[in-house]
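With the hints as extra help, turn the sequences into a complete structure.
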Amino acid sequence: DTGVSQDPRHKITKRGQNVTFRCDPISEHNRLYWYRQTLGQGPEFLTYFQNEAQLEKSRLLSDRFSAERPKGSFSTLEIQRTEQGDSAMYLCASSLAGTALRNTEAFFGQGTRLTVV
Amino acid sequence: GQQVMQIPQYQHVQEGEDFTTYCNSSTTLSNIQWYKQRPGGHPVFLIQLVKSGEVKKQKRLTFQFGEAKKNSSLHITATQTTDVGTYFCAGANTGNQFYFGTGTSLTVIP
Numbered sequence: 001d002t003g004v005s006q007d008p009r010h011k012i013t014k015r016g017q018n019v020t021f022r023c024d025p026i027s028e029h030n031r032l033y034w035y036r037q038t039l040g041q042g043p044e045f046l047t048y049f050q051n052e053a054q055l056e057k058s059r060l061l062s063d064r065f066s067a068e069r070p071k072g073s074f075s076t077l078e079i080q081r082t083e084q085g086d087s088a089m090y091l092c093a094s095s096l097a098g099t100a101l102r103n104t105e106a107f108f109g110q111g112t113r114l115t116v117v
Numbered sequence: 001g002q003q004v005m006q007i008p009q010y011q012h013v014q015e016g017e018d019f020t021t022y023c024n025s026s027t028t029l030s031n032i033q034w035y036k037q038r039p040g041g042h043p044v045f046l047i048q049l050v051k052s053g054e055v056k057k058q059k060r061l062t063f064q065f066g067e068a069k070k071n072s073s074l075h076i077t078a079t080q081t082t083d084v085g086t087y088f089c090a091g092a093n094t095g096n097q098f099y100f101g102t103g104t105s106l107t108v109i110p
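The listed protein sequences derive, respectively, from chains A and B.
Under this note's numbering, the residues of the first sequence are numbered 1 to 117, in order.
Under this note's numbering, the residues of the second sequence are numbered 1 to 110, in order.
Since the hints were derived computationally from the structure, they do not count as laboratory data.
Take every hint as true, because none was put in to throw you off.
So these bits of chain B aren't anywhere near chain A, every CB distance computed over 12 Å:
no., residue
1, Gln11
2, Gln14
3, Thr27
4, Lys59
5, Ala68
6, Asn71
7, Ser73
8, Gln80
9, Val108
10, Ile109
11, Pro110
Pair ranges (Cβ atoms, derived):
no., chain 1, residue 1, chain 2, residue 2, range
12, A, Glu105, B, Gly40, 17 to 23 Å
13, A, Gln84, B, Gly40, 19 to 25 Å
14, B, His75, A, Thr13, 40 to 46 Å
15, B, Ser26, A, Ser27, 34 to 40 Å
Taking beta-carbon pairs under 8 Å as the criterion, some of the chain A residues facing chain B (in silico):
no., residue
16, Gln41
17, Pro43
18, Phe45
19, Tyr48
20, Glu56
21, Leu91
22, Glu105
23, Ala106
24, Phe108
25, Gln110
26, Gly111
Small disclaimer: the values here were computed from a predicted structure and weren't measured.
C-beta: ideal position from N, C-alpha, C; glycine also.
What follows is the structure in structure tokens.
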């Protein structure tokens, strides 16, 4: 396992369709993060998991967005009823759990670029 | 909610000149990380700062964390063309969620 992998790398979908992205973290990492990045902006935090527990999801952009990590390994991010404004790069990152004061390095995947037409 | 701002948004420098980007948070941070993203690439971790007033160096890069743990800076001495990219700070609260800054895009002119 050489890093975080995301699938697919690119997705073009019609408005109103549902899409699902997959993220496979580094195998020993128990934290997994999802971010969205639009052109010229920094990654925008969406949600994160520690093992299979979703510890923060209030930043998911709307109720059309949901994420799962059923067995504490890979994760999926689903967007229902896609809109043109959902077009962006969706990044996944993983890390080891840190402490309350010190986090550990996050390793990012290459991202899934979503285009909604 | 937590906001992390960076200035400047863009910086063009001649090769050999120095470069600095500044990061400011609206809230006190537990720690801050810095990442570099090359054009078309994904963010790559550079360093983490935890202590108030901490200064860390990596070759030509110097990172500082403010005394109040609300601001940070990255300074690059004698830029090279390999330094091209966007530099992001990412501040973490005690909830271990990282909020990325707006980034500073660095262009180095040979």
